[in-house]
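K.L.:
Spelled out, the chains give:
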Amino acid sequence: DAGITQSPRYKITETGRQVTLMCHQTWSHSYMFWYRQDLGHGLRLIYYSAAADITDKGEVPDGYVVSRSKTENFPLTLESATRSQTSVYFCASSESGSQAAQHFGDGTRLSIL
Amino acid sequence: AQTVTQSQPEMSVQEAETVTLSCTYDTSESNYYLFWYKQPPSRQMILVIRQEAYKQQNATENRFSVNFQKAAKSFSLKISDSQLGDTAMYFCAFMKHAGNNRKLIWGLGTSLAVNP
Numbered sequence: 001d002a003g004i005t006q007s008p009r010y011k012i013t014e015t016g017r018q019v020t021l022m023c024h025q026t027w028s029h030s031y032m033f034w035y036r037q038d039l040g041h042g043l044r045l046i047y048y049s050a051a052a053d054i055t056d057k058g059e060v061p062d063g064y065v066v067s068r069s070k071t072e073n074f075p076l077t078l079e080s081a082t083r084s085q086t087s088v089y090f091c092a093s094s095e096s097g098s099q100a101a102q103h104f105g106d107g108t109r110l111s112i113l
Numbered sequence: 114a115q116t117v118t119q120s121q122p123e124m125s126v127q128e129a130e131t132v133t134l135s136c137t138y139d140t141s142e143s144n145y146y147l148f149w150y151k152q153p154p155s156r157q158m159i160l161v162i163r164q165e166a167y168k169q170q171n172a173t174e175n176r177f178s179v180n181f182q183k184a185a186k187s188f189s190l191k192i193s194d195s196q197l198g199d200t201a202m203y204f205c206a207f208m209k210h211a212g213n214n215r216k217l218i219w220g221l222g223t224s225l226a227v228n229p
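Order-wise, the sequence lines are chains A and B.
Anchor point for the first sequence: position 78 equals 78 in the numbering used here, and the numbering is continuous, going up by one each time.
Just remember that the numbering used here sits 113 ahead of the position in the second sequence, which is counted from 1.
Take the hints with a grain of salt, since some may be wrong.
A few chain B residues that face chain A, going by a derived Cβ cut-off under 10 Å, partial list only [to be verified]:
no., residue
1, Q157
2, M208
3, L217
Below, a list of computed lysine-lysine pairs in the BS3-like style, where the Cα atoms sit at most 27 Å apart [to be verified]:
no., chain 1, residue 1, chain 2, residue 2
4, B, K209, B, K186
5, A, K57, B, K209
6, A, K57, B, K216
7, A, K70, A, K57
8, A, K70, B, K216
Hints in this document: simulated from the structure, not taken from any laboratory.
Nothing here was measured: the structure is a model prediction, and the numbers come from that model.
Ideal Cβ positions, reconstructed from N, Cα and C, are used throughout, including at glycine.
Let the hints inform the model, and build the full structure from the sequences given.
P.N.:
Here is the structure:
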């Protein structure tokens, strides 16, 4: 049971470059989420998706793009990375039931130089 | 707007003892869900326990239990018989019970150290 997998686990890139963080889940959960975690801010929602081809903005969407062509995948793209996007990124998924808890991947530590 | 407050940035406890982590929240909703997540040094985010607001009975998961006080908007986590593996950051989170809205509102966390 693989659950939810994020890749890469660590990434270093330069400002201005495009970078894509991958998220794959094997549970067929309807909902998927992207968060960033920064000291002093806790977890902040970037984007979420209620189903394939349905995405919506969270609290801090600027500078990020998502897509969800298949239920199991929810990639997050930084189109032109900035230093302020240095963070730990978490992907999560949950079932469609209203009481469903979110289950998280192991996170990607992204450093932008 | 909903907010979640964890007033204890850091706590410590001796192994085998009991510790309680505090969480308060602000909402005008009558039906909602509350969660505690644990984040050990390995960085994983692990669900510890979940409470549905319409249930008066406090949730329990093995050594973890909550004290849910709806009127006071308080949702504390009690860890009994603390173990070294309980050392982690603990986050309290709130979610409205509203259609397709699955957004979690997070507290800033409490860092718990279990000492041998």
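K.L.:
Which of the numbered hints above does this structure break?
P.N.:
Violated hints: none; all satisfied.
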